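**Student:** What follows is the residue order along each chain.
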Amino acid sequence: MGALPRTVELFYDVLSPYSWLGFEVLCRYKHLWNMDLQLRPSLIAGIMKDSGNSPPALLPRKAQYLNVDLKNLREHLQVPIYIPKDFFNVILQKGSLSAMRFLTAVNLEYPEMLEKVSRELWMRVWSRDEDITEPQSILAAAEKAGMSAEQATQLLEKISTVKVKTLLRETTEAACRYGAFGLPVTVAHVDDQTHMLFGSDRMELLAHLLGEKWMGPVPPAPAAKL
Amino acid sequence: MGALPRTVELFYDVLSPYSWLGFEVLCRYKHLWNMDLQLRPSLIAGIMKDSGNSPPALLPRKAQYLNVDLKNLREHLQVPIYIPKDFFNVILQKGSLSAMRFLTAVNLEYPEMLEKVSRELWMRVWSRAAEKAGMSAEQATQLLEKISTVKVKTLLRETTEAACRYGAFGLPVTVAHVDDQTHMLFGSDRMELLAHLLGEKWMGPVPPAPAAKL
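These protein sequences, in sequence, are chains A and B.
Residue 185 in the numbering used here is what sits at position 185 of the first sequence, and the numbering runs on without skipping anything.
Residue 1166 in the numbering used here is what sits at position 166 of the second sequence, and the numbering runs on without skipping anything.
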């Protein structure tokens, strides 16, 4: 009998490009490693506020580098990530509060859909430069992920409930207690140790900590099971 | 006949812990990849000033993370890196101006020694081998009396400016020249991407040593 899978939490926000990159790499390893990947929808704006940090893109040379880095990583990680035309408006004005509350609700009611709905929201804002703040935008993402219009609408009605707002806030606070000053934050629970890793570029280190094999950011798909 | 080696520049400062990590990984690949590694001693304080950035450790939660991250990377990258006891004094007060001028001079007069001398300076600041945190001023000053010239000061400044023109807001910065393209990579954690851009094989941060040549 194999060892118990190790819990690996991923705190993320669909507003965060590097969260998408970390998410896709981890999802690829879900069936390759002995890992139980727990997705934790969080609010990056809350983490920035709590830690006293600020979005890196506010420094001109970091914004310039973001362009360069994401272009390289798009190709190396094979994730179709493109910076929205009106980047500052999307990131700083529009934000992701409704989207992350929606994902919190998905996680409560249909956790098996969380990965797909998260991906569709990223595809909207970070691939096709589409809105994720309006109700119809969120519904469109949910339906593209395979939810019925009824399920999606039902969940959308719940995003302003105390339960959902509280859970998003608590998840964000959990990331902060782990020491987050940004996202993505990956927390690996190995034996009796807890390892917090920041960024999408600590996955090889994660493999090392888990005693697993790193096969690059685009590993071969697991062999089909008969 | 093989292809011409690709020039890969590494802009670094011995005051920068991640510069040490990037440096060691790149040095390990020097004889494994078809790469001409050009070390570029730079001043991180100058880059911070020019870019308007500030040292990450000034944010409490980033300082806390630095502890965690360096401990993990020490083991994963097999580099004996330890945070100096009086970290803020070392990084912010004492700095690295003399050391980086010294390395600039080494690069001018004994470039074949630059790798080893750089490593020894990192070992002094960032490893327990150092008897005290920070640089030994005596040794550096002795040599600096001979080399503290306009030439050395200018070259350090120009190298730092070159890093800034590549878009640096911190160090390490790795610049890969591949065919007619220039790729700027920030951080010690872009080496697998570098391999990809060079069309080389990534074998992790501690690759097997190259086979001995007869």
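Hints were generated in silico from the structure; no laboratory data involved.
Treat the numbers as computed from the prediction; the structure is a model and nothing was measured.
Worth double-checking, as some hints may not be accurate.
Straight-line C-alpha distance at most 30 Å; calculated DSS-like pairs for lysine-lysine [as the list claims (entries may be wrong)]:
1) B:Lys-1201 - A:Lys-158
2) B:Lys-1071 - B:Lys-1201
3) B:Lys-1062 - A:Lys-94
4) A:Lys-62 - B:Lys-1049
5) A:Lys-144 - B:Lys-1062
6) B:Lys-1062 - A:Lys-30
7) A:Lys-62 - B:Lys-1030
8) A:Lys-213 - B:Lys-1049
9) A:Lys-49 - B:Lys-1062
10) B:Lys-1030 - A:Lys-213
11) B:Lys-1094 - A:Lys-71
12) A:Lys-71 - B:Lys-1030
13) A:Lys-30 - B:Lys-1071
14) A:Lys-71 - B:Lys-1116
15) B:Lys-1062 - A:Lys-213
16) B:Lys-1049 - A:Lys-49
17) B:Lys-1030 - A:Lys-94
18) B:Lys-1094 - A:Lys-30
19) A:Lys-213 - B:Lys-1094
20) B:Lys-1062 - A:Lys-165
21) A:Lys-116 - B:Lys-1030
22) B:Lys-1071 - A:Lys-49
To give an idea of the chain B side of the interface with chain A (calculated C-beta under 7 Å), a few residues [stated by the list, open to error]:
23) Ser-1051
24) Asn-1053
25) Lys-1062
26) Asn-1072
27) Arg-1165
28) Phe-1169
29) Asp-1189
30) His-1196
Even glycine gets a Cβ: it sits at the ideal position worked out from N, Cα and C.
**Student:** With a cut-off of 30 Å on the C-alpha distance, tell me whether Lys-71 (chain A) and Lys-1030 (chain B) pass.
**Tutor:** The hint holds at about 26 Å.
**Student:** Sort out whether Lys-1062 (chain B) lies within 30 Å of Lys-49 (chain A), counting only the CA atoms.
**Tutor:** The given pair, whose Cα atoms are some 14 Å apart, holds under the 30 Å limit.
**Student:** Between the alpha carbons of Lys-1030 (chain B) and Lys-94 (chain A), is the straight-line distance 30 Å or under?
**Tutor:** 46 Å, violated
**Student:** Checking hints one by one. Is Arg-1165 (chain B) an interface residue toward chain A, by the C-beta closer than 7 Å rule?
**Tutor:** Violated, about 11 Å.
**Student:** Would the hint on Phe-1169 (chain B) stand, with a C-beta cut-off of 7 Å toward chain A?
**Tutor:** Nearest chain A Cβ about 4 Å off; hint holds.
**Student:** Taken at face value, is the distance from the CA of Lys-1094 (chain B) to the CA of Lys-213 (chain A) at most 30 Å?
**Tutor:** 42 Å, violated
**Student:** Verify the proposed pairing of Lys-116 (chain A) with Lys-1030 (chain B), using a straight-line Cα cut of 30 Å.
**Tutor:** Violated. Lys-116 (chain A) to Lys-1030 (chain B) sits at ~42 Å, over the 30 Å cutoff.
**Student:** Is the straight-line distance between the alpha-carbon of Lys-71 (chain A) and that of Lys-1116 (chain B) 30 Å or less?
**Tutor:** 35 Å, violated
**Student:** Is the straight-line distance between the alpha-carbon of Lys-1201 (chain B) and that of Lys-158 (chain A) 30 Å or less?
**Tutor:** Between Lys-1201 (chain B) and Lys-158 (chain A) the Cα gap is close to 49 Å, so the pair fails against 30 Å, i.e. violated.
**Student:** Tell me if the interface restraint on Asn-1053 (chain B) is satisfied: Cβ within less than 7 Å of some Cβ in chain A.
**Tutor:** 6 Å, holds
**Student:** Just to be careful, I want the Cα atoms of Lys-1062 (chain B) and Lys-30 (chain A) compared with a cutoff of 30 Å; is the pair within it?
**Tutor:** Holds, because 29 Å separates the two Cα atoms, which is no more than 30 Å.
**Student:** Is the straight-line distance between the alpha-carbon of Lys-62 (chain A) and that of Lys-1049 (chain B) 30 Å or less?
**Tutor:** 14 Å, holds
Checked against the numbered hints given earlier, this structure breaks hints 1, 5, 8, 11, 14, 17, 18, 19, 21 and 27; the rest are met.
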